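Colleague: In order, the protein sequence lines correspond to chains B and A.
Note that the first sequence covers residues 1 to 441 in the working numbering.
Note that the second sequence covers residues 1 to 594 in the working numbering.
Heads up, some of the hints might be wrong.
Pairs of lysine to aspartate or glutamate, DMTMM-like flavour, derived with a Cα cap of 20 Å [unchecked claim]:
| id | chain 1 | residue 1 | chain 2 | residue 2 |
| --- | --- | --- | --- | --- |
| 1 | B | Lys419 | B | Asp333 |
| 2 | B | Lys402 | B | Glu388 |
| 3 | A | Lys20 | B | Asp333 |
| 4 | B | Lys126 | A | Glu585 |
Calculated from the structure, these hints are not laboratory results.
These figures come from a predicted structure and were not determined experimentally.
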Amino acid sequence: MPKESTQESQSTLLEQTVRDTGVFRCLECGKCTAICPISRYDHHFSPRRTVGRALMRHDEALLTDDRLWTCLTCLHCTQVCPAGVAYSDLTLGVRTEARRLGTATVCMHGEAIHAWMRLMMDPALKQNRLSWLTSSLPQAPHSELEASSSELSVFPEGDLRSSRGPRKSVPHLETRNDSDTLYFVGCAPYYGTLFEPLGVDGDGIARSTVQILNALGVKPQVLPDERCCGHDLLWEGDVQGFRTLAGLNAALIRKSGAKRIVTSCPECARALKVDYPAYGIRLDTEVVHLAQLLTYSEWPRPNNNGASHHRQPTLRITYHDPCRLGRHMGLYDPPRQVLERLGLELIEMQRHRHNALCCGTNGWTHCTIANKAIQVDRLCEARATGAELLVAACIKCQIHLKCALQDRLLGHKIAIEVKDLATLVAERMTEGIQAEPGIFG
Amino acid sequence: MTVKWKRKTQDPPIATHVEKPARIGVFVCECGCGVSSILDVEGLVESSKSLPGVIYAGHAPYWCSADGRERLEATIRADGLERIVIAGCSPRTHKQLFQETAAKAGLNPDLLGLINIREGCAWPHEGEHKAATLRANDQIAMEVAHMAALAPRSPVEAQITPRALVIGGGVAGMTAAQELADSGMPVTLIERASILGGRAVNTTSEVAADLATVVQTHPSITLHLDSLVTQITGSVGAYHVDITQPTSRCQGPASTEQHEPDHTQRTTCGTFGAIIVATGAPDEETASLAQLLRLPQDTKGFLPETRVRLRPGNHVERGIHVCGSAHYPCDTAEAQFQAYSVASRALRHLRKGRVTAHGPVAEVAPEKCNGCGDCLNACPFAAVTMANRPSAPHRFTGLAEGWSPVKAEGLSLSIIDPLLCTGCGNCVSVCPVGAVTVAGWTDAQLEAQMHVALGQHSAQESLPRILIFACEWSGYAASELAGAQRLSYPPNVRLIRLDCSGRLQPGLILKAFEMGAAGILILGCAHKLCHYERGSERAAAAYEQVKALTALLGLPPTRLQLAWTPPDDGPAFAELVTEFVRGVEKARAPARSE
Chain B
1 MPKESTQESQ STLLEQTVRD TGVFRCLECG KCTAICPISR YDHHFSPRRT
51 VGRALMRHDE ALLTDDRLWT CLTCLHCTQV CPAGVAYSDL TLGVRTEARR
101 LGTATVCMHG EAIHAWMRLM MDPALKQNRL SWLTSSLPQA PHSELEASSS
151 ELSVFPEGDL RSSRGPRKSV PHLETRNDSD TLYFVGCAPY YGTLFEPLGV
201 DGDGIARSTV QILNALGVKP QVLPDERCCG HDLLWEGDVQ GFRTLAGLNA
251 ALIRKSGAKR IVTSCPECAR ALKVDYPAYG IRLDTEVVHL AQLLTYSEWP
301 RPNNNGASHH RQPTLRITYH DPCRLGRHMG LYDPPRQVLE RLGLELIEMQ
351 RHRHNALCCG TNGWTHCTIA NKAIQVDRLC EARATGAELL VAACIKCQIH
401 LKCALQDRLL GHKIAIEVKD LATLVAERMT EGIQAEPGIF G
Chain A
1 MTVKWKRKTQ DPPIATHVEK PARIGVFVCE CGCGVSSILD VEGLVESSKS
51 LPGVIYAGHA PYWCSADGRE RLEATIRADG LERIVIAGCS PRTHKQLFQE
101 TAAKAGLNPD LLGLINIREG CAWPHEGEHK AATLRANDQI AMEVAHMAAL
151 APRSPVEAQI TPRALVIGGG VAGMTAAQEL ADSGMPVTLI ERASILGGRA
201 VNTTSEVAAD LATVVQTHPS ITLHLDSLVT QITGSVGAYH VDITQPTSRC
251 QGPASTEQHE PDHTQRTTCG TFGAIIVATG APDEETASLA QLLRLPQDTK
301 GFLPETRVRL RPGNHVERGI HVCGSAHYPC DTAEAQFQAY SVASRALRHL
351 RKGRVTAHGP VAEVAPEKCN GCGDCLNACP FAAVTMANRP SAPHRFTGLA
401 EGWSPVKAEG LSLSIIDPLL CTGCGNCVSV CPVGAVTVAG WTDAQLEAQM
451 HVALGQHSAQ ESLPRILIFA CEWSGYAASE LAGAQRLSYP PNVRLIRLDC
501 SGRLQPGLIL KAFEMGAAGI LILGCAHKLC HYERGSERAA AAYEQVKALT
551 ALLGLPPTRL QLAWTPPDDG PAFAELVTEF VRGVEKARAP ARSE
């Protein structure tokens, strides 16, 4: 029993965190700091020092350091720690306390992302988030100014997303309200809107996923009132926000009667599979990532007898392990098996699988030059493989790498095409199957 | 990062570095009875006293009178006030006056805010005294919150080098040079040809011949013929100019110099406080010079005058002028006329001795900037340069001497020249990581205002809370005009004034909805009339994004609108706001409680 603290009662949460995360076991060996990608570029950040502060109960320093919010929670340090200190969980605990005390930093991108996540906490909110399901729609006018010059007659209500060009016709997507399988979409439509200038097609990932599921003989449920899974709010210390979102999602999921949830986002997968039960939120369903589903499902035969797989040119690709899919959930093989099945030539980056370098993302707070340096490092590593395409299995990885690719001063030094796994699979798997533009039934 | 601690118990807090809140004084003006006949002035003073940071609140019939200003100055000194909020009439007419008073009392003039409760609150709602007072109450509280969150910045100063450079030895250039030299200002004149005269060469113009004689013999004029400007560095007040000059003898074997049969070398021409461009009719060299000097060119290549009427108030005189056919085609008489005018302006600028940049300017936090260059794209005034990090001056990186990220090859840092920055905030709006801030319009300040406008303590639970973001030059001006014309519109609006609508990013709007705004109206300038060149374009782009996000969220479209309002149309403003509030009330979702 730790001796009676002279601090206020609000510090007992820190005591709890310190106990639960095994901070006392720290050997001060420094392996965590050695492997930490942020520490490499930002000498003011050190996992070992954070652990030290927690041990010595230097609460003020711990709770008020800006850099508390820079940690990527990529789990690399936890993985190499010989003493079993759960560093990322320590970060989560300290952030929770810091947020409660009012020292949290603000969300990036003008606070847009946390704002929409928090707006989703309203139980009365009725989103209009499924327009990606319908097939090709006329391009909506960009603004009132351009409306008059638009030749389009159809103006679907609520669908004011600007897009770079006319939408490609999408294949026929099928869903069923009573399906055993539920496709948890996540914030892809929102990310696609905010990061459209970066060339991130969130809608495309969602469509590709349903396309793949359909091709596997599954017509999934899709929830019109789905909320953000709460992953980011949780890791940024907003446990209450997470619980609210999780509660709303859980009610919808239980009501849906689904037995299995499929998601194409590793963060949603982790949240639904690991964090919801950890916080006592029952889903009564299995949770799988799309890559897992693909590895144990039967793929459709190619339409033509000419074996479409072989007709497609072999593409040299490299694969970026997302932290949440990789180190957090141990899913290194399923995406690789999928890529192999597609007949692609996979060239691994130097740091891959459990050693993969994080893409430099965190929960949307405190993005600095260190994050950029990490992204540049990762992109250089990708280019060094000689691959033509970098496959990312997480929309946030894609966003962050594409953000770094925008830097016109670095330009050709880091340029490489980046594509989501779902998009790539849908393209190659359904080659030869006619795309049918039409309104979904 | 400042740390604000919320203390739950009486025990001493864990943190020791609580930031001392600034001492704020609130001065409510009765404006004769213009305000006091409608608003409960005593009530406003009383409520102000309970606002965080306010240690003084008082009212007077006219704070702008000589008596009033004396009292203001005395109170600032006596109470050691660090921020001032005056609740009275228009900042557009009276802010400068009060700023002078504040300066006399030893206060940084930027630390004074003036919120309009006359045209802003009393007159448009003169039929509803209670609602008008409620609005005034909130607007004052918003301004107090805005000023409390303001981090003061010292004005940036630069010395002006008392030397002038004239580029171009035609009639215009020579005239300007002579004017300046005759007034005692040392002048350097650069001409790319081997003789003076420009287009007057080989004509019978006596004017050109006489001028050439003067220029060649004047003791205060340094002449460089066969010279071209190659580089201009430095900033306002001190431009360092490099030129190519012919060398006096051949250097090296002729075979290595095939492209330049007349051997030239680069040399430093000097440092100048003013540059006059008189390069004549546009050609390819005009374009490169325009780029060096960050001067816009029109479609034919001429260098137009900056739109003086549209320049924002805190625009710093750059000391760069254009005259003669480089400006637009003109004959000898017109060229001379322009040259006299420009020389006079340049002289005035050079004799000032220094330039001062007051007011809001953008600053980059070096550890946050990831070198993406979005700010460079967004800046209408070319105030941004991207420096290579490892070699960026230490004072800009803000990091330990010599420190740079490992493998930082190619990583850049945005550097913003405070003398060129006009504080429009477009860079703030586009920066993905919040590395750029404009003191005076930070997110913290705007959110502090939003919090007051939309917060629970605003005691009008039954009416929907409408937020109006109004650009100084259009919507805000129109709002004051509407008030002056005694046009009424619904009083449950809360107005936040911005220098430029381009300051707004999608996240701020979403945050306002998160805080409980029932409706948000953004008022900006029409594209061609934006005082910051491209601010309204930025506003439109941000609006598109947030519109798409709110559509996904299922928020009714009538709850968010972007409108162009001319500053001189009071009725249009009143109508627009009335329509908008109606639209919101129709689509009203229950307001979110925090």
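Colleague: Does the structure break any of the earlier hints, and which numbers would those be?
Modeller: 3
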